[in-house]
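S.K.: For reference, each letter of the sequence shown is one residue, going 1 to 440 in full-length UniProt numbering.
These are computed hints drawn from the structure, not numbers from a lab.
Where hints are given, some of them may not hold.
What the hints assert, rightly or not - Derived EDC-like pairs (lysine to aspartate or glutamate); straight-line CA-CA distance at most 20 Å:
#, residue 1, residue 2
1, K264, D295
2, K163, D133
3, K94, E65
4, K400, D114
5, K207, E197
6, K158, D113
7, K287, D323
8, K356, E387
9, K238, E37
10, K195, D167
11, K163, D192
12, K157, D133
13, K94, D81
14, K336, D304
15, K158, D133
16, K326, E354
17, K157, E126
18, K110, D89
19, K157, E370
20, K290, E261
21, K238, E269
22, K326, E302
Claimed, not checked - Derived Cβ-Cβ restraints for the label pairs, each shown as a range:
#, residue 1, residue 2, range
23, L201, R373, 19 to 27 Å
24, K175, K336, 32 to 40 Å
25, K287, H174, 38 to 46 Å
26, Q230, A137, 40 to 48 Å
27, K326, D114, 23 to 31 Å
28, K287, L201, 36 to 44 Å
29, E79, D114, 13 to 21 Å
30, V45, Y397, 22 to 30 Å
31, S142, M391, 21 to 29 Å
32, Y397, A137, 37 to 45 Å
33, L29, S142, 41 to 49 Å
34, K431, Y394, 19 to 27 Å
35, R254, R366, 20 to 28 Å
36, S92, K290, 52 to 60 Å
In this text, a Cβ means the ideal position worked out from N, Cα and C, and glycines have one as well.
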Amino acid sequence: MQESVKFNLKEVKSDLLHAIHECSQRGLLHTTKWLAELNYSLKNVDIDPHDLTANMNVPVIGEAEDIYTLAKTYFDLKEYDRAAYFTMDCISPKIRFLHLYSRYLSGEKKKIDDMTDVPPDPLKNETLKYLNDDLKADHRASKLDGYGLYLFGVTLKKLQLTKDAIDVLVESIHKEPMHWGAWLELAALITDREKLESLCLPNHWMKYFFMAHMYLELQLIDEGLALYCQLQSMGFQKNGYVLAQTAIAVHYRRDVDNAIETFKRIIDEDPYCLDNMDTYSNLLYVKEMKVELADLAHRATEIDKYRLETCCIVGNYYSLRADHQKAVMYFHRALKMNPQYLSAWTLLGHEFMEMKNTNGAIHSYRQAIEVNRRDYRAWYGLGQTYEILKMPFYGLYYYKQAQLLRPHDSRMVLALGEAYEKQDKIQDALKCYYKACNAV
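Taking the hints into account, I'd like the entire structure generated from these sequences.
M.R.: See the structure below:
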């Protein structure tokens, strides 16, 4: 599936400014930030101010707007229950979304605050079920706009109703194609190329960003890299997200040096940026660049020592110094803030392996797979762990999964070949070894 990038930059900028306004009003902070950074990349593109203001929804002053203003201040201060309380009787789509989203975030916050070592079962989350019931009723009554549909899709996804979640998220994207958060939630549910190609997506320029993201997720590296290079040539050559994704694609091709150089470019452009710096720290770790990793850890701690990325960077720093106890502490700290943080689960598994704590490693790798079944590192880690436990049949199964996700990675093929050889499946082992010789 080859994508050819074509769009009008003035239209793109107008779409971005409108969407920044709409997402900001609804408290969709991560999408607002992502869109604002794309918009900054186009700072030299001029548009007619009249065209912009014509697209903006100017609020009608009245009681509803007064309620919204009050509730939004509570929301911004993370007083989600108060925001939900004051908006419970409002029917306008924007305020209704703020009410439902406040309830969702309140539940998520309490879940993290109350979390023990065993992650809670989402199917037993009564708060989430009640919220889903309300969203389902609104959906049947055709009361959900694109943002409401997004939240409905998120609750369905968390309740593991995958097919329904995909359908609702696609519906959301058709109504609000500029909402990047909806595209990302959909991406997490697409497990193979066949599913990707079966999606009925809107013919909108945001689709290019989604397809590039999906190509990397599905290890279709050449297609993903080509699409990101096209996006750079269309005006996003200095955008931190596009550059970071390009670096990740280059890294997947085992060109770590070029990936590191790309991350250095990002830091030169935006020295206080922590987005994707956890990935950069992984690359420095692989190359055993102790001085550079120490410098990155120091800089990240000075910028924001409680950010997820900072915890991961500092964890990698201690791991490279063979201080595995401290590394575990920092990865646990990251997971306390966000139990869905994939990188921390995988890295935690690696640390437990170094400490010969196979039970801890198995638990961590399995949690990583729960977050994202496409994480080949976790499958590979499980293969290694069961190999240490002298359980070759399990090891073989997990190596097979890793190799399916990374069919051209010689490390995966070689590990699979060795697993076959240990079970005296010599022909299968030889096939793997031949393939490893020709793998990229």
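S.K.: Quick check: which numbered hints come out false for this structure?
M.R.: As far as the earlier hints go, 4, 18, 30, 31, 33 are violated by this structure, in ascending order.
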